[in-house]
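Using the sequences and the accompanying hints, generate a full structural model.
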Amino acid sequence: MHQTVEAALEINLLHANQAGANHNRAHFDQWGITCLNIMSSPGAGKTVLLERTLAALNPDLKMAVIEGDMTTELDAERLRQYGVPVIAINTGRSCHLDSKMVSGGLHSLAADYNPAEFDLVFVENVGNLVCPAEFEVGEHGKVALISVTEGEDKPLKYPIMFQEADCLLISKIDLAPYLDIDLNRLESNVRQINPQVTIIRLSAKTGAGLETWLTWLRNQVK
Amino acid sequence: MHETDMTKALILTVRQWWEEQPSRPQIDTIHLTVGQFTCVEPASLQFAFAAQTQKGFLEGVKLAIHETPLVAFCHACQEEYKPKIGLHYSCPSCQSPMEDIRSGRELKIDRIEYTQSCVEI
Numbered sequence: 001m002h003q004t005v006e007a008a009l010e011i012n013l014l015h016a017n018q019a020g021a022n023h024n025r026a027h028f029d030q031w032g033i034t035c036l037n038i039m040s041s042p043g044a045g046k047t048v049l050l051e052r053t054l055a056a057l058n059p060d061l062k063m064a065v066i067e068g069d070m071t072t073e074l075d076a077e078r079l080r081q082y083g084v085p086v087i088a089i090n091t092g093r094s095c096h097l098d099s100k101m102v103s104g105g106l107h108s109l110a111a112d113y114n115p116a117e118f119d120l121v122f123v124e125n126v127g128n129l130v131c132p133a134e135f136e137v138g139e140h141g142k143v144a145l146i147s148v149t150e151g152e153d154k155p156l157k158y159p160i161m162f163q164e165a166d167c168l169l170i171s172k173i174d175l176a177p178y179l180d181i182d183l184n185r186l187e188s189n190v191r192q193i194n195p196q197v198t199i200i201r202l203s204a205k206t207g208a209g210l211e212t213w214l215t216w217l218r219n220q221v222k
Numbered sequence: 001m002h003e004t005d006m007t008k009a010l011i012l013t014v015r016q017w018w019e020e021q022p023s024r025p026q027i028d029t030i031h032l033t034v035g036q037f038t039c040v041e042p043a044s045l046q047f048a049f050a051a052q053t054q055k056g057f058l059e060g061v062k063l064a065i066h067e068t069p070l071v072a073f074c075h076a077c078q079e080e081y082k083p084k085i086g087l088h089y090s091c092p093s094c095q096s097p098m099e100d101i102r103s104g105r106e107l108k109i110d111r112i113e114y115t116q117s118c119v120e121i
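For the protein sequence lines, the chains are A and B, in the order given.
Going by the UniProt record's numbering, the first sequence opens with residue 1, and the numbers climb by one from there.
Going by the UniProt record's numbering, the second sequence opens with residue 1, and the numbers climb by one from there.
Among these hints, one or two may not hold up.
SDA-like, lysine to any residue: derived pairs with alpha carbons at most 25 Å apart [stated by the list, open to error]:
(1) A:100 x B:96
(2) B:8 x A:7
(3) A:157 x B:65
(4) B:108 x A:23
(5) A:157 x B:69
(6) B:108 x A:160
(7) B:8 x A:93
(8) A:154 x B:84
(9) A:205 x A:195
(10) A:157 x B:66
(11) A:154 x B:102
(12) A:100 x B:57
(13) B:8 x A:104
(14) B:62 x A:5
(15) A:100 x B:13
(16) A:154 x B:38
(17) A:154 x B:96
(18) B:55 x A:4
(19) A:154 x B:44
(20) B:8 x A:160
(21) A:100 x B:20
(22) A:100 x B:4
(23) A:157 x B:43
(24) B:55 x A:2
Just a few of them, taken from the derived set where beta-carbon distance is under 7 Å, the chain B residues facing chain A [stated by the list, open to error]:
(25) 2
(26) 9
(27) 10
(28) 12
(29) 86
(30) 89
(31) 97
(32) 107
(33) 109
(34) 111
(35) 113
(36) 115
(37) 116
(38) 117
It should be emphasised that the hints constitute simulated quantities derived from the structure, not laboratory data.
Even for Gly, the Cβ is constructed at its ideal location relative to N, Cα and C.
Encoded structure:
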């Protein structure tokens, strides 16, 4: 005789990823590393921002980058020129980094270097405004970028990325005069969803706003 | 399609539960709660689940997805409201930002329905 019974699980669907993220964060904490997850749509300027950041802060801060890319090492090669370890992770057809992939990156870093020497690790996520926001990787903070060419309505259309962000960088502001974009409206759209977020307008090309970003960054380091 | 990865995570968690059961029961239905304010599309999740469970311990198992609406609470007005996803999130009465989400962010394996053999007396 058979009977149908129910077991209440009440477990997060992403439990396995979350457990991995907690594990990664424990490693970061043990090594005294601050980890930031950098996210945006493709082409918003994550890599050029990291180039400027590495150039400005190396060697005052000991940094490393875990670079997520679906197929190539093009971005990783760009960043390696700044003399910091860059671990490239190809996600294949996956549109985001997950905690397991970042764990692999951490093991590579620990195999080749003394991880306790590092202050700051950037995870450059795959360019995508949708799913990276749902997959924690063990970061201490999330930085989202939106370029002025993307339009002021993106925070309303892709709210979760903007809601999760601790810092929002409005990038490519040197292009704003050539576009029909209202930056104040863009900011107020973000604040509808995330009133606490730090918003910095910057241009990696002209250097406008970069110092504010670097100050915010230095304040994150433990 | 991130629902593929979400499904992998789901199967991993259910497998863990299943292996912990002494009788390895025949699972009938997995009940999920998925909020509308998540990056998950239920139809894509169903598709990925069907594709990834064609063989193995979840073959033929049903996935029941219960969607929850986005509901926020405005502290200034002391009232709940339903933000319009994609259009407007602040309080429609006083324009305070959406700070307190009461429903819509769930991504949960709620419960598992399974068949258990019992001894006849």
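Find the hints from earlier in the document that the structure breaks and name them by number, from lowest to highest. Violated hints: 1 and 9; rest satisfied.
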